[in-house]
Amino acid sequence: MFKILFSTFFIFSPLSSYAAEIIIQSTTSTKNSGFYDFIIPKVKKNLSLDVKVVAVGTGQAISNAKRCDGDVLLVHDIEAETAFVKEGYGLKRYDLMYNDFIFVGPNHDNLRLRNKMNTIDVLQTIYESKVIFLSRSDNSGTHNKEKKLWELAGLEPTKYSGQWYLETGLGMGATLNIAAGKNAYTITDRATWISFKNKSDLKILFDEDPRLFNQYGIILVNPERCPNVNIKDANRFLHWIISDEGKSTIGSFKIANQQLFFPSN
Amino acid sequence: MTNKKEPKIEIKDLKFCHNGKVLLCVDYLRIDSPGITVIVGPNGAGKSLLLKLIQGIELPSAGQIRLNGLPISDKRQSQSMVLQTPILMRLSVYQNMSMCFERKNFFISASEKQKIIDILSRVGLGKKLSAPAKLLSGGEKQKLSLARSLISNPSILLVDEPTSTIDPNTTMLIEGLIKDQSKKGTKIIFVTHDINQAFRLASDAIMIYQGKIVEQENVISFFENPKSDFTKNYLAGKLLV
Amino acid sequence: MQFINETLSLAWGLILGFDSKVFEIVWLSLKVSLTSLILSCLFAIPLGIILGVYKFVGRNFVVLILNTLMGLPPVVVGLSVYLLLSRSGPMGWMNFLYTPYAMIIAQFILIFPIISSLTCQKVEELNSEYKDLFVSLRVKKTQQFLIFFLDSRFALLTIFLAGFGRAISEVGAVIIVGGNIDHVTRMMTTAIAMHTSQGDLSLAMALGIILLLIALTVNLLVFSLRLFVKRYGYD
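Chains as they are written, first to last, in the working numbering: chain A, 1 to 265; chain B, 1001 to 1241; chain C, 2001 to 2235.
Chain A extracted, bound-state conformation:
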């Protein structure tokens, strides 16, 4: 009796689960939205493959993958991804899916962002009125996108860091929690926003600008650099998810009747 109890106690699931498994280094937005909870059972059914997901910011996901701690990289920062491949850490990069970024802020919308024509106008208004704007500042895909947008508008908000431009250094969810608490403005990807539950008084104030396009890419970690990667199963996973079947699966993931990710062609 004691022996049985003892042995069940000290045996951990990885020893008793599928031998075939891959690790995905992923962004938080895909994980937090429940995307993987939806996809993983289908992968298991179709490929008999266990998928382990480590969700961190894009910057950290890439650096983890550079240390060979993952078989697949799934992030949303095309420049960083291209560099990752170019430096020889990854094999070919594929467009996997997309959605868009949105500006959120207090519902009263004193700045009338809802009426703005484009992203540049929105950023200029925020810049001039010095309302509290939260930046992730964690080298994530969303943060890099935000930096590019400010650059596009020709503005340098970092001069006001700590005044109205607040750099949280946290994940999207944590930053949204702060925005909800401070009634502040910030930029987020739509998937995280839809699945985020602590919205308080925050509302979408601006969206649907082609500049706010959010592209997710998928890359296999280069087995020449990292001999330990499970390239065989990673390859199976990649080819399934970019197949028509995989794409229709991505498209069928919905929360509250809203489609969160759109498969790329």
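Since the hints were derived computationally from the structure, they do not count as laboratory data.
Since we're looking at a predicted model, the values are computed, not measured.
Here a beta-carbon is modelled for each residue, glycine too, at the ideal position from N, C-alpha and C.
One or more hints might be untrue.
Computed spacing ranges between beta-carbons, pair by pair [as the list claims (entries may be wrong)]:
no., chain 1, residue 1, chain 2, residue 2, range
1, A, Phe38, C, Phe2145, 56 to 64 Å
2, C, Gln2002, A, Phe38, 27 to 35 Å
3, C, Ser2128, B, Gly1176, 30 to 38 Å
4, A, Gly34, C, Pro2046, 21 to 29 Å
5, C, Lys2230, B, Asn1218, 45 to 53 Å
6, C, Lys2021, B, Ser1137, 42 to 50 Å
7, C, Trp2012, A, His108, 31 to 39 Å
Part of the chain B face toward chain C, derived, beta carbon under 7 Å [claimed, not checked]:
no., residue
8, Ile1087
9, Arg1090
10, Met1099
11, Leu1135
Given chain A, put chains B and C in place with the hints provided.
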């Protein structure tokens, strides 16, 4: 250890200093007699200190102490000491005995266990084997402490005022146990400031005063015909310290 | 007020409904924490006793290091273990990263200094109490070791539980080396962190309440143990 030629206890040029003050100074002391040697003297004379030095609890500033011709740190020594205030462990009465007992193997054998129970019965703790030692009365604690020292059947037993805070009945019992042990061949050094107790137990006696040995005699001449004035006065109860 | 009601009813529902997902998370937390705790006790308690009794060269240095390590930030431990177990790190071949074993290693490092340091303090105390006794009865060193272990058994249990408290409530290290992977390395604390970042505050808080209840149970055990120990003069 039965080397008859060597003195049982021999002390040479012993000095113990603390904070620059000489607390004990013994030029030469030799104890050779069997039976019970009682060390008497007023409070603070250095009786307990002498005992602690012989046991090795305190280390001398100078001089040497030899028991049966060997230094006290020698592994072959078998002396044991009963402390003035018993130190008991947070264990049961039985465990307090067994844990300090020098057993042959890791586990205590049946005969060793019987030996422990026998000695606890002799001191009157036979029915309290599993009682927590810390909850015993003062007298019981002292009896347990004595039993712990007797179990190893030491060749020399040092006893430091075990009965100073104990009722007369228990005192008699402890004195009886010590006399029994003496008859078994254990040399006993007994410290007390109680002259009557000294008279009841002693086969010879040593008087200590202000860190010095004043007198060393057999019991009859010590009590009936003391040589030093100090001993005379102390025995007559005239001395106030 | 609404938030509190919602949280409490959710927590209650999770506990009474015996939610299988929550049970899995709690069970893994307990497994990992207890395993790391038992492993560290196995090594830390003898080390603590040795440090408490023997005065060897370099002993003070070891004690100093252990005391410093007691305040080690979990994130630093997590990062070090991550670099060690990373596939490109020196122990990458073991394939422990993102498994419960990685979390056990991280927790082991976190708890070890606490257990050994507290044991050392306790044994030092006992040693000064029993020093005269050991000389007066000429108790052998090996036997002294056993006495320290037995005599401080209730104190050791309290120390054990202090280590458990640190292990079960820790998040910084295990989230880095475990990765908070569903069904594999998701523990109570990492799940709380995750649900907070998803803005699901009431679910996070409900899990927090379960964690609190476990801590309460553990402390209740310590408390009743103390009463028992006092009653029998073992304190």
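Hints and how they fare:
no. : hint                                 : in the structure
1   : A:Phe38 with C:Phe2145: 56 to 64 Å   : 58 Å, holds
2   : C:Gln2002 with A:Phe38: 27 to 35 Å   : 30 Å, holds
3   : C:Ser2128 with B:Gly1176: 30 to 38 Å : 34 Å, holds
4   : A:Gly34 with C:Pro2046: 21 to 29 Å   : 48 Å, violated
5   : C:Lys2230 with B:Asn1218: 45 to 53 Å : 51 Å, holds
6   : C:Lys2021 with B:Ser1137: 42 to 50 Å : 59 Å, violated
7   : C:Trp2012 with A:His108: 31 to 39 Å  : 36 Å, holds
8   : Ile1087                              : 4 Å, holds
9   : Arg1090                              : 4 Å, holds
10  : Met1099                              : 5 Å, holds
11  : Leu1135                              : 4 Å, holds
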